[in-house]
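Participant: Sequence:
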Amino acid sequence: MLKGKSILVTGGTGSFGKKFVELILQRYPEVHRLVVFSRDELKQHEMAQQFPPDKFRQIRYFIGDVRDRDRITRAMEGIDVVVHAAALKQVPACEYNPFEAIKTNILGGQNVIEAAMDKGVSRVVALSTDKAAAPINLYGATKLCSDKLFVAANNFKGKRDIKYAVVRYGNVMGSRGSVIPFFLNKRSEGVIPITDERMTRFNITLTDGVNLVLHALEQMWGGEIFVPKIPSYRITDVAEAIAPGCKHEIIGIRPGEKLHEEMITATDAISSIEFEKHFVILPSIPMWDAQEFARTFNGAPCKPGFAYNSGTNDQWLTVDELRQLMVEHVDPSFKAKLL
Numbered sequence: 001m002l003k004g005k006s007i008l009v010t011g012g013t014g015s016f017g018k019k020f021v022e023l024i025l026q027r028y029p030e031v032h033r034l035v036v037f038s039r040d041e042l043k044q045h046e047m048a049q050q051f052p053p054d055k056f057r058q059i060r061y062f063i064g065d066v067r068d069r070d071r072i073t074r075a076m077e078g079i080d081v082v083v084h085a086a087a088l089k090q091v092p093a094c095e096y097n098p099f100e101a102i103k104t105n106i107l108g109g110q111n112v113i114e115a116a117m118d119k120g121v122s123r124v125v126a127l128s129t130d131k132a133a134a135p136i137n138l139y140g141a142t143k144l145c146s147d148k149l150f151v152a153a154n155n156f157k158g159k160r161d162i163k164y165a166v167v168r169y170g171n172v173m174g175s176r177g178s179v180i181p182f183f184l185n186k187r188s189e190g191v192i193p194i195t196d197e198r199m200t201r202f203n204i205t206l207t208d209g210v211n212l213v214l215h216a217l218e219q220m221w222g223g224e225i226f227v228p229k230i231p232s233y234r235i236t237d238v239a240e241a242i243a244p245g246c247k248h249e250i251i252g253i254r255p256g257e258k259l260h261e262e263m264i265t266a267t268d269a270i271s272s273i274e275f276e277k278h279f280v281i282l283p284s285i286p287m288w289d290a291q292e293f294a295r296t297f298n299g300a301p302c303k304p305g306f307a308y309n310s311g312t313n314d315q316w317l318t319v320d321e322l323r324q325l326m327v328e329h330v331d332p333s334f335k336a337k338l339l
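Position 334 (the sequence shown) corresponds to 334 in the UniProt record's numbering; numbering is contiguous.
Calculated directly from the structure, the hints in this document are not laboratory data. Here the structure is a predicted model, which is why all the values come from computation and not from measurement. Worth double-checking, as some hints may not be accurate.
[What the hints assert, rightly or not] With a straight-line Cα cutoff of 30 Å, these simulated DSSO-like cross-link-like pairs (lysine-lysine) come out:
(1) K18 - K159
(2) K157 - K186
(3) K43 - K186
(4) K3 - K229
(5) K18 - K303
(6) K19 - K119
(7) K3 - K119
Generate coordinates for the entire structure from the input sequences, incorporating the hints supplied.
Facilitator: See below:
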């Protein structure tokens, strides 16, 4: 599907963007062009050392901000596929800087939608988060709004041959700003701060996150929210995997945090379809035959009352499994601390 295509990834120097670029270059060396769009020149410089344009002739580095409609429109010249990963993601930062979160996560998403429509892009997949389901913090609220924008974009595309979809998943193991590097840095002090011993989270690796995006690009009809079936972990098990024997200091839940995350609420489940390895939340305004969609990919409607919650999940990572995943998937700079 990607052979000979031109691809743009916004937020391309982030954790997801780097893994996306790495896997695309490995799996689809025949792509015509791979554009890394981001606003940080230093991160682009550092990424260019890993993926130098003179070696990987498909790659381009494009400095810009999704807030800038003109710049993102120019970047999409000749682009076939867009993966929208740019966002302000840190919950406390979004709570303290709400207008900035809205400008990037909502208005930036609108710019991506309209630029893709104007420039003849054929497929757009936007990254979401479990915090967008029944949000209680501004980050989740902005991403829920963004999800709605990308789903609704399919309603006003006119006769253009373009499809928009969303992928929603949980915490990415070892990504920058996640709990794993934080616990690693605290381990030397002998005390690990725990917000609440009951806390659980969904977990996904960067590779699996990229695979979900590629799956969505392959199967999307337009307007879906793809949700993977992934395991949960207990925050106390993460602490044990990283710092066995360290004391746990309970510090209380921070503003905007939940004990457990959801990816599909009971209300969402009414219009959701379950497949072997993932779920799909259907668009609220019907755009195509949902029953035909389910039959095509061997799915079935979710059961009444179903909700996909990290605390009631039927898949759990053990301490040993967590430690192994950390060794395999965290940032290389942290591996020596884990081993």
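Participant: Decide, hint by hint, whether the structure agrees.
Facilitator: Comparing the hints with the structure gives:
Restraint check: the Cα-Cα separation between K18 and K159 comes to about 34 Å, which exceeds 30 Å; the hinted pair is violated. For the proposed pair K157 and K186, the alpha carbon gap of about 50 Å is over 30 Å, so the pair is violated. A distance of roughly 26 Å separates the Cα atoms of K43 and K186; the hinted pair therefore holds under the 30 Å criterion. Taken as a hint, the K3 and K229 pair is honoured in the structure, with Cα atoms around 28 Å apart against an allowance of 30 Å.
Straight-line distance between C-alpha atoms of K18 and K303 comes to about 37 Å, which puts the hinted pair past the 30 Å bound. The hinted pair formed by K19 and K119 meets the criterion: a straight-line CA distance of about 26 Å does not exceed 30 Å. A threshold of 30 Å between alpha carbons decides the hint, and for K3 with K119 the separation of about 20 Å falls inside it, so the pair holds.
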